[in-house]
Amino acid sequence: MTVSLEEIARYMRMGRTVPDGALAARVSELRDAALKAMRPSHTWRRFPLEENAISSGAMRIAIGGTLARHLAGCSSAYLACGTIGIGFDAFHRRVSANSGVDALIAQAIGAALIEKLMDSVEEEIRADLQPGETLVSRYSPGYGDFPLAAQRELLAMLDATRKVGVALTGTLLMVPSKSVSAIIGARKEITYR
Amino acid sequence: MKGIFSEKPMLFLDGGMGTQLQAKGLQPGEVPEMWNVLRPHDVRAVHEAYFAAGSDVVYANTFGANAAKYHGTATLEEVIAAGIGIAREAAQRAGGRRFVALDVGPTGRLLKPAGDFEFDSAYDAFAEQVRIGAKAGADLVAVETMGDTYELKAAVLAAKENSTLPVLATVALGEDGKLLTGGDVECVAALLEGLHVDALGFNCGFGPDRMLPYVKRLAALTSLPIAVKPNAGMPQVVNGRTTFTVGPDEFARDVVALAEAGAAVIGGCCGTTPAHIVAARALCTGLAAVARQPSPRTIVTSGSRAVDIPFGDSIIIGERINPTGKKKLKAALSEGDVAYVLREAVSQADAGAHVLDVNVGVPGLDEATVLDSTIQAVQSVTDLPLQIDTSDPKALERALRHYNGKALVNSVNGKEESMAAVLPLVAKYGGAVVALTLDEDGIPPTAEGRIAIAKRILARGAQYDLKPSDFIIDVLCLAVSADASSANVILEALRRVREELGCRTCLGVSNISFGLPARPFLNATFYTMALATGLSAGIVNPLAADMMTAYRAFRALTGKDRSCTEWIEAFKDYAPSAPVAARKPAAASTGDAKGESALSAAIRHGLKSDAAAAAQTELAAGAAPLDVIGGGIVPALEVVGKGFESGTVFLPQLLMAAEAAGAAFEVVRSAMPSNDAGSVKGPIVIATVKGDIHDIGKNICRALLENYGFKVIDLGRDVPPERVVEAARREKARLVGLSALMTTTVCFMEETVKLIHAELPECKVTVGGAVLTADYASKIGADHYSKDAMGLVRYAEQLFS
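Sequence lines, in order, name chains A and B.
Numbered per the working numbering, the first sequence finishes at 1479, counting up by one with no gaps.
Numbered per the working numbering, the second sequence finishes at 1165, counting up by one with no gaps.
Don't read these hints as lab results, they were simulated from the structure.
Idealized CB from N, CA, C, for every residue including glycine.
Where hints are given, some of them may not hold.
Distance windows between CB atoms, simulated [stated by the list, open to error]:
{"hint": "1", "chain 1": "B", "residue 1": "H435", "chain 2": "A", "residue 2": "R1302", "range": "47 to 57 Å"}
{"hint": "2", "chain 1": "A", "residue 1": "R1302", "chain 2": "B", "residue 2": "L1119", "range": "36 to 46 Å"}
{"hint": "3", "chain 1": "A", "residue 1": "A1413", "chain 2": "B", "residue 2": "R581", "range": "35 to 45 Å"}
With the hints as constraints, model all of the structure from the sequences given.
Okay, here's the thing in structure tokens:
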């Protein structure tokens, strides 16, 4: 897995401008180092979507508000969690000690990498769909009125701390910092005739 | 009970507990330890089945019973005591020599610096668990499934300090053979041997087949008993359920290979059943014990890197984090400017150091506190092992305790007072220690005298079970200007320590040239001589090109740098040296705008070394330092800053330009008379607020402010309000910048702002961060909202004008 200069540039808020000259050289160099430092891993699982929750044993994620509207028409949902690993955070801390530019570039590289990873996770999930099903877009704790606190249940239901090494801080931030958790609804494809 | 691991040639543990309880109906998300009070018969049945299968030891159902993780309705005392009690009953029913282990698993929290959990909090959680378990009658403590050396250290220390029970510690390796936080087999072995566990090894992760190479590696590193508790193969998800597919016979066959490689304590983890233990026991019983005699090595580690201090080669210990004779570092340490120290760490690591010395001895500073926090901060930006350099035993103990890994200690000497204070600490926490060959009578003038002291220290170390391989002898480098025989004595002593004591050596090389001109030449030559005499570790400045060249040349010439790979890598761009001014600037910096100076163009294009060279050229051509700043650096920065504000220049380009300007500014500043060099604006104290570990925005602000000529004191991330106030008060800062990224941490920002305003009414506070708005900033009482780093610079310029 790798990412292009264009993709990284977007996360440096450069829009469609592609880095050149000294900046391009710096970005490529840091990207090579980041690829060595990262250790991507992911996990996902399919759950039936109940009336207003997803549950597994004693664990339960309540589904209401904006999330319920987002999942309208879905009969199942996938929980997914991916991370590019704790080694990337160590790399980011190291380059940040020396240079603000490097800090900014490395953070953009990390953002581009985790996004790419989640895209590939979504592809993997797509392959698991039953015939005639389609996925709705990813929805994460903290979006809309889906509370950040749901993070605990979401990660627990995936056993994500043990499986991919994603844990929570006391303030509900995920560590490693470049990690994404999400709920992805699956619904019957609507066919128009 | 300590003899539990030597009673029999092969000791059998139990198999999986979680998977067995799930088979009896434990639901996902249910707290397994609650079954000790709710369904004790079911838990006991699992233990009984394992004892019947031939397990000598069962792990009580207490894996997650620590205050950080456990959230059941019964108290920890209740579930742990019940858990141990149930296992005890099963042991009694089984009869014979049976043992009950208190099972200690991870907290589920990530420790700092990766996460936000304090080492001491993890320790406290484990300590409570161990005290309850020991009181309830456990026979041993089994620390298991650890994925982080730092948490492992907290758990083992807690077990050793809160009970007298034997400790078995196993870690969970990932598919790449490393812990979650990057530690390898060497890191784990060095740490656990240093902490004196009774047995060590691996559990979980994968099946016995894939555990084999790691058991072999471990067997070559340690003489302690090796324990294995592999899974029944790799987990596979079938219909949404995790299953393990390796059956008892296959499992047993692979376990035999582990036993033949040296494992003598055998059990199973996830997916293994009593049938797996029966089969493993049947095949392993009667195997001859494997005699192991690992050759003594001196390994120091961080959480993710092990460094072998070699006997036939040499490593570099970076000496720069030591305030002796370094004004800037002294100031940084006094002001709490962590960022400065971290840059010293990273630049030495980048230059090729293998270990970094950390000394924070500044008169008037609380050394124990500063050393502790500095070591933790340095460990957050580099994976190099550290050399803890202090003469204060209190500071040493605190630093050793909080150090992630097995440290190098600098130092002990032949004085009774030193040996009595330092050696027990090294023995307790593990570590290698530098032994200085001096005593109450000073430094002996002869090699003979220094060898005698080294021998005395080694003998004294033996009383604490420290081996010669735990020592690195420093025969002490004295200036050749004061004593003409100095270099010869040192070289003779180096040779004899190696030959007669079989010990590794180190030396602070550059002392040799003290008091003489052209020191770099003497240093590099003497360094080469010492290397040729077998020096194991040079304590040198890795940023000194002469020293690194001497080191690399020595290794290339003696065949240690195979195929001269490292030499070629270091000198691939080598060109015979030319005066800086004559160096051709890169094409981009010749100035594409008409009439633009090379300096200005270099800054605009973000070319750091070109900007520095151009500033040098202007100075050499006779320009006044202030003119170079006013005529070249400031206008170029202004152009870029305006471009950023109008959207034609992006943040990374702005920052690169600012860095280039900073490099030029540094050149000019060093050419100024020292009283003018103080023309720095500020200071500004900045921090990412408590609870928040995302500090990218703050780091960018720091970089930009510094390159705009402000003095910045960066307190780091996750900084409590009191520390911000304390620093602002001490530094008489007129401006404090705070950042917070998450909605969950903005409350701490508000708290910090209020505290600053209450305590320091003169001090302005500016805030920034992804979730903040100007409205919100004023709502929480901030004086200013920085929409971005440039906004902060503008505000600071206005405030300090």
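Could you work out which earlier hints the structure fails to respect and list their numbers in ascending sequence?
-> none
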